[in-house]
Amino acid sequence: MISVSEAIQQIENYCKPNNFEQKSIKEVLGLVLAEDIFSPINMPPFKQSSMDGYAFTYDDDSNYEIVGEVQAGDSKNIELKSGQAVRIFTGARVPDHADTVVMQEHTKVEGEKLTIEKLPTKFSNVRPLGEQIAEGELALAKGTLLNEGTIGFLAGLGIAEVKVYSVPKVSILITGDELRQVGEKLEEGQVYDSNSITLQLALKKLGITEARIVKIEDDFEATKRAIQEELDAADIILISGGISVGDYDFVKRSLEENKVTEIFYKVNQKPGKPLWFGHKEERLVFALPGNPASSLSCFYVYVLPVIQAKLGHSNYHLQRGEAKAANGVKNVYGKTLFLKGVVADGVATQLTGQASSMLKSFATANTLLVVPENKEVIQEGEEITYIQLNS
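Sequential numbering from 115 applies to the sequence shown in the working numbering.
If you are wondering where the hints come from, they were derived from the structure by calculation, not from laboratory data. Yeah, the Cβ is synthetic: ideal placement off N, Cα and C, and Gly gets one too. There may be inaccurate statements among the hints.
Pair ranges (Cβ atoms, derived) [unchecked claim]: (1) Lys-444 x Gly-270: 55 to 65 Å; (2) Leu-243 x Asp-349: 39 to 49 Å; (3) Glu-120 x Leu-315: 50 to 60 Å; (4) Glu-292 x Gly-270: 50 to 60 Å; (5) Leu-315 x Asp-349: 15 to 25 Å; (6) Glu-245 x Glu-494: 49 to 59 Å; (7) Gln-295 x Val-491: 35 to 45 Å; (8) Ala-186 x Gln-295: 49 to 59 Å; (9) Asn-191 x Tyr-128: 54 to 64 Å; (10) Glu-135 x His-211: 17 to 27 Å; (11) Lys-319 x Asn-191: 44 to 54 Å; (12) Glu-135 x Glu-494: 47 to 57 Å.
Taking the hints into account, I'd like the entire structure generated from these sequences.
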């Protein structure tokens, strides 16, 4: 059995980004950019009006002759002489000989005669060439998370495809003959399966929307065969349950039979002691405890960083912080404790219902409070470390 810090250290060796692939910008929401992007154009690519109004060459005169009109999308470049102006609309090209736009609300028009009733300052309401970004300038750096804003920015530059880090293929293997799906009728001795949906949704929040779920009967050959099949199909395999030492826990032996190399088994932590991690070539396998709270806690601390790293995130661990303990915490186990809690206004409150089988406290928790294995007591008001859970 190894410590939590040793387990995290081992996990770090596998926190490496995936290879990249070229994808349409319509398909990269939530992914991470795998290259620097330089602007292929000036934005805006011409002097542009930011208002509906009239464009003219600035002087102190308030009276102008209107000699034309420029709509958004027009390519014409009207040559203006002194005392002349053009009607112009938002987004339209400002003629080369104009430098100022007066908004239409500050003007009076009679026929072709324009009177400016409130004279703007020179260069008002004109977006200069390349104001947002110049051609050849760095638009987005490698490692940028692509959200709706960044993708819209790329679209505005005319960029249709970008290189992003590939999304890993993940399979979730669920063991336990006692498990039934939501909606099915429970018989005596049966419980509903929550781990498959919990893990699936946790993956979805990370951008993995097509995790494969496989239900395995409690049988050695079936377990061995399912693991073998998923090793051929997935980059990361999450196995829920069956990793302890009971008569019907076949996962560890099945992993050995499939020649999956063990990196560690059992971590000095509560919940989640029977955690197994290993690999076969580039395929990574996490055998998570079957108890729901144990499974989810291990996912946050160990699985999530690996997936985030593979997706190209540089800060792949969940954020940690310090807060004052609202109530005292005793550690009588000599293990690192991960306790569901709420941190608000710098104060950390431990929730009730900390058993490894209970997800109820996760329903309201926003943190995991961390009590080190060598810390027997955290007094009320003492600083306690917490892991910020994804909102």
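Hints and how they fare:
Taking the beta carbon of each, Lys-444 and Gly-270 are about 57 Å apart, inside 55 to 65 Å as hinted. Hint check: Leu-243 to Asp-349, Cβ distance near 46 Å, so the stated range 39 to 49 Å holds. Restraint check, Glu-120 to Leu-315: a C-beta distance of roughly 30 Å breaks the suggested window 50 to 60 Å. Taking the beta carbon of each, Glu-292 and Gly-270 are about 55 Å apart, inside 50 to 60 Å as hinted.
Checking the proposed 15 to 25 Å range against Leu-315 and Asp-349 shows it holds: the Cβ atoms sit about 19 Å from each other. Take Glu-245 and Glu-494: their Cβ atoms lie about 56 Å apart, and the range 49 to 59 Å holds. For Gln-295 and Val-491, the hinted distance range of 35 to 45 Å is satisfied, since their beta carbons lie about 43 Å from each other. For Ala-186 and Gln-295, the Cβ-Cβ distance of about 55 Å falls inside the hinted range of 49 to 59 Å, so the restraint holds.
The hinted window of 54 to 64 Å between Asn-191 and Tyr-128 holds, with their beta carbons roughly 58 Å apart. In this structure the hint that Glu-135 and His-211 lie 17 to 27 Å apart at CB is violated, the actual value being about 48 Å. Against the hinted window of 44 to 54 Å, the Cβ-Cβ separation of Lys-319 and Asn-191 comes to about 50 Å, which satisfies the hint. Remark: the range hint 47 to 57 Å for Glu-135 to Glu-494 is upheld by a beta-carbon distance near 52 Å.
Checked against the numbered hints listed earlier, the structure breaks hints 3, 10; every other hint is satisfied.
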